[in-house]
Amino acid sequence: MSGIEFSRPAYSEPAEPGVIYAPQSGWRKWLDRLVYIAALGGVLFSMAILLTIFAVLVHGSWQALGRIGLHFFTTQAWNPVPGRDKYGVLAFVYGTGVTTFLALLFGVPLSIGVAVFITRLAPRWMAGPVSFLVELLAAIPSIAYGLWGCFVMSPWLQNYLEPVIYHVLRHIKIIPVGKYPSGNIEFFPANLVRGGPSGSDFLAGGLILTIMILPIITAITRDVLRQFPQELEQGAYGLGATWWQTTRLALVYCKAGIFGAVMLGMARAIGETMAVIMVIGNTDSISASLFAGGQTMSGVLANEFMEADHPIYLSAMFYVALVLMLSSLLTNVIARAMLSRISAGRDKR
Amino acid sequence: MSDITVSPAPAGSPPVNPFQGRRPGRRWISRAFAGLSILATLMALAVLFVVLWYIGGRGIEYMTTAFFTNLPLQTPEGMRNCIIGTVILVMLSSVLGVPLGMLCGIYLAEYARKGWFTYAARLVIDLLAGTPTILLGVIAWQLVVVPMHHQSGWSGALALAFIMVPIIARATEEMLRLVPHAHREASAGLGASHAQTLFRVILPAAKAGISTGIMLAIARVAGETAPLLFTALGNDQAVYDPNQPYPSLTLKIWQYSQSAEASWRHQAWTGVLALVSLVLIFTAAVRFTVREKK
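Going line by line, the protein sequences match chains A and B. Those letters in the first sequence? Residues 33 to 381, per the numbering used here, in order. Those letters in the second sequence? Residues 197 to 490, per the numbering used here, in order.
Chain B with its partners taken away, still in its complex shape (with noise of 0.2 Å):
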């Protein structure tokens, strides 16, 4: 790395050029490195392209109505109370995880100020986001499942709302901090109070970029399993009572990928694209809506 250091060179001696001499064919290398940089895109995008490719393909091709009409165990077979389960369990952990997340973002952008006890919320939410998230589902069991002697919608709902906080904290605090100084200063100066200035002029101004982080909350727990695993664990009936296991899209996907079936497997794929498309769908559509508003 040393022929392209940028540190002036030593008084007295003559003004050396890194960037010259010494090197034949650079441009060739410069070029070698642009097509390789070139090829990483396009190695990605093609891992992207077959990824869907294979996820619709095989989705469509073992796609029938009775998948969104009847249970696991009709003839013939349907995921309808999954697809209904993973929407009601999200909606659940919403109830706990995004106020829990926007009062954190909130505290982080409007009231904290430079001192240890700053310093220690913003670690906390990074490490919560980096927890695995099976380790979330590991907690829910402990502090759910046991006390109540068997898995519950409770108990997927909480380690779900576990996962949401830190990514809606953070995209609130983000889109606090764009809200313009001369917004506050300018409630302030009419005489209002900080609350008052934070649901009148903060919040609304943020709102558009809120509902963003809520929704890409929203949209990467509707297809989390692994937490799930001990905790919702999963249900052949049409049962919504959050006291009971509870049935869930992914948790489906996962045990008819394990079965030697082969109609389970092409179930499988067909949740997979269903899937994948609710949380493709919700994540373009947030993007692309943002983008107009810029």
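Isolated chain A (complex conformation) (with noise of 0.2 Å):
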């Protein structure tokens, strides 16, 4: 310890593994601290951030938690005019489930076969110019996409696709959750197409949604594919393995963080505003049929929100972004846990 003094200060660590930096005095030293707070200040204001969004929609939906309380999930009733005031998320959680649901079974198999391509199949010259343009999906603004799916995609599904589907799945009943004037659930087997085609209904709002869920999980699951070990690959080979019975071993290996991806894609979904309403027809209804209109939590937030003229509608409108809210954490926090056990193993190695 011969003279050498560590210039961290107590409220310091130097990043890992550590740099020593050489013992400073005076205004250098004020500048390290002042760096140093302001950084951490930063990420202060950033938690703040976060933490504010909590009080704001719990402060803001609180009259509605008191009067309304979890009655909100299991009423579908949304009359906001005064007096009446009937309140329930029902329907819209079910259309925000419903598209998310549809964007994630198509979706999902089409980004992993990307990412498979990409990874796994295309020559390299092609791997990266591939990549770009499924990114580049991602860059595309949402009201682009909505005013695509509202202006060209709603009339070529109502004229070319949905009679197709029509005639295919008109008799196929599923049990939906049923729509009745006491504004209760029940349940009862109804057709899964039904009526006429419109265009404007959950099934587009599932196919908008899965080209906006497309690039974020392909990205990711490209990713962790690249982390699949060259020894287990050419191990594969060896034994005679076929490409395929190779990038099953891949996948199965790697399903953590496909999973991950595929939660974060879902997070995105859930969240998406514009691009939805644009196309999924703002009816308030649960329906079995693909063909029916319906709405999103974040679809009747940006619909209804400026118009919350009196104190309980508008604490309803806070009511459901904190379910929004809420919703949307809890699959980041899974996608989280699901990536991060991969990026552990990554360094382990």
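Please keep in mind that the hints were generated in silico from the structure rather than gathered at the bench. Owing to the predicted nature of the structure, the values given are computational and were not obtained by experimental measurement.
Computed beta-carbon distance windows for the label pairs: (1) A:P187 <-> B:H377: 56 to 62 Å; (2) B:V342 <-> A:F105: 23 to 29 Å; (3) B:G221 <-> A:T106: 49 to 55 Å; (4) A:I52 <-> B:G231: 55 to 61 Å; (5) A:V196 <-> B:M259: 34 to 40 Å; (6) B:I280 <-> A:V196: 42 to 48 Å; (7) B:P400 <-> A:F105: 52 to 58 Å.
Computed footprint of chain A on chain B; a stretch qualifies when at least three of its residues, placed anywhere within it, have a C-beta under 8 Å from a C-beta of chain A: (8) 318-328; (9) 335-345.
Every residue, glycine too, gets a C-beta built ideally from N, C-alpha and C.
Once you've looked at the hints, go ahead and assemble the two chains, each given alone in its own frame, into the complex.
Pasting the structure below:
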């Protein structure tokens, strides 16, 4: 310890593995501290933003939490006329759930297919450009997808795809949540497709979300698949495995990371607003039919938040926002847990 | 999945090759799945192509010079104020979002050590990145619009800044971590302080990467609509005072797309073309300049 002093103040620790900076005095010491405090302040400010989000949402929805409580989740009645004031989030949770489910149903196989192509099939000169083009899908703003969906995709669905789907699926019944004058939940079998094709329905919402989650799931799955060890791949080929057997091995090996990627895509689908409200039809109904219009949680916020002119209505809007925040938070936390396990495993190797 | 387990066979039993036998036609199966993978890629690229084709085609079809020179209520109508409004709004939000995001990134890359606080900081950045953007609009509405009693450019800029912070924080942290550790040690060995090392060595080395992150964040918020619905609100006049409701390209596109009037829908298509080309040129240019640097 001959004269060597650690320059770091009590509140500072070096980056790992640590670099030991020479002791400083005068303005340099103060600059050091200033920079540290500024950086720490930035982090604290970000934490404050997140806490503020919760505080504002809980504070805003306080009245609705007290007056409606958990009944919010068991009714779909939504009547904001002053005096009537019936609020139930069920139709919007259903709308978010169905569109997200459809997006994952179409989007996950597609994204994994693209990621497998990029990492395991494409020649080197092709992998980069394909990667770039698919990521470009993420750069297009959601309002652009909305406009395209509204004026190009919806008419196309209505005139070409949905009549075909109708003929294929018309006899299939599933068990949905019913819609009843009492506003309570009932279950009964109903057709998967019913009514005329409109082009502005759950199917359209699911398809537009499929396009929007595709680049996210693809990019992360691609990164995860790149971590599949060479030894395992070569070992599998050495044992005579075919390309698909090796790829399955890679997919199984990376399943936690791929699950994390899917959850991130799901979080995106839950939070997406503009593109969905432009194609989903904006009716607060619960229907098993793919051809029925609906509404999502973010959609009802976008459409009605500004119209909430009396306190309990506004409070119910905040309640919807709180439910949306919590569901998106939950998916993000699961995604994060899955993906950090992957990177922890990578560090160990 | 059991047929491709790679765990070693129990001692004493003869070695079993999990990949062969019991699987007639496995080569054809392999080819079929390779075909599906190619098909998925072609579908994704086709979607990109179709979306861009319509945006480009309709946008150019309805484009007029008045679009860039006139205001929405003039005849012929245009979106001049909306384009300028979006640009200013993004610049205003960068004033808060860029430094804040960079500070978070600097903390996580340079000062963070293992412990609950770093864990919490990373969690917060991830959760902020995952928060639906419309909720950030709700927050900015409560924080700014309610006290001011009317919508304003400030509230829109605040919502956009919240979106920028996690994107820039992640980019900054990642880029700072790419700077070789030896650079820090060399600087410390010459007697530099931590702050000097940061400003003279680390940040200059990571400059290109961090500016890429900032540009991508700017491209991202320029295309945001949902957080502006309750905050910036839109404005048909050439008003660029952030205390007033603010014009924005995305809001105008949204408003026009809901209208039944053909000329307004045409304006919306041109607006989307302007927005998408702005965002894509920004994104593509950034990607290619960075690739060259490597």
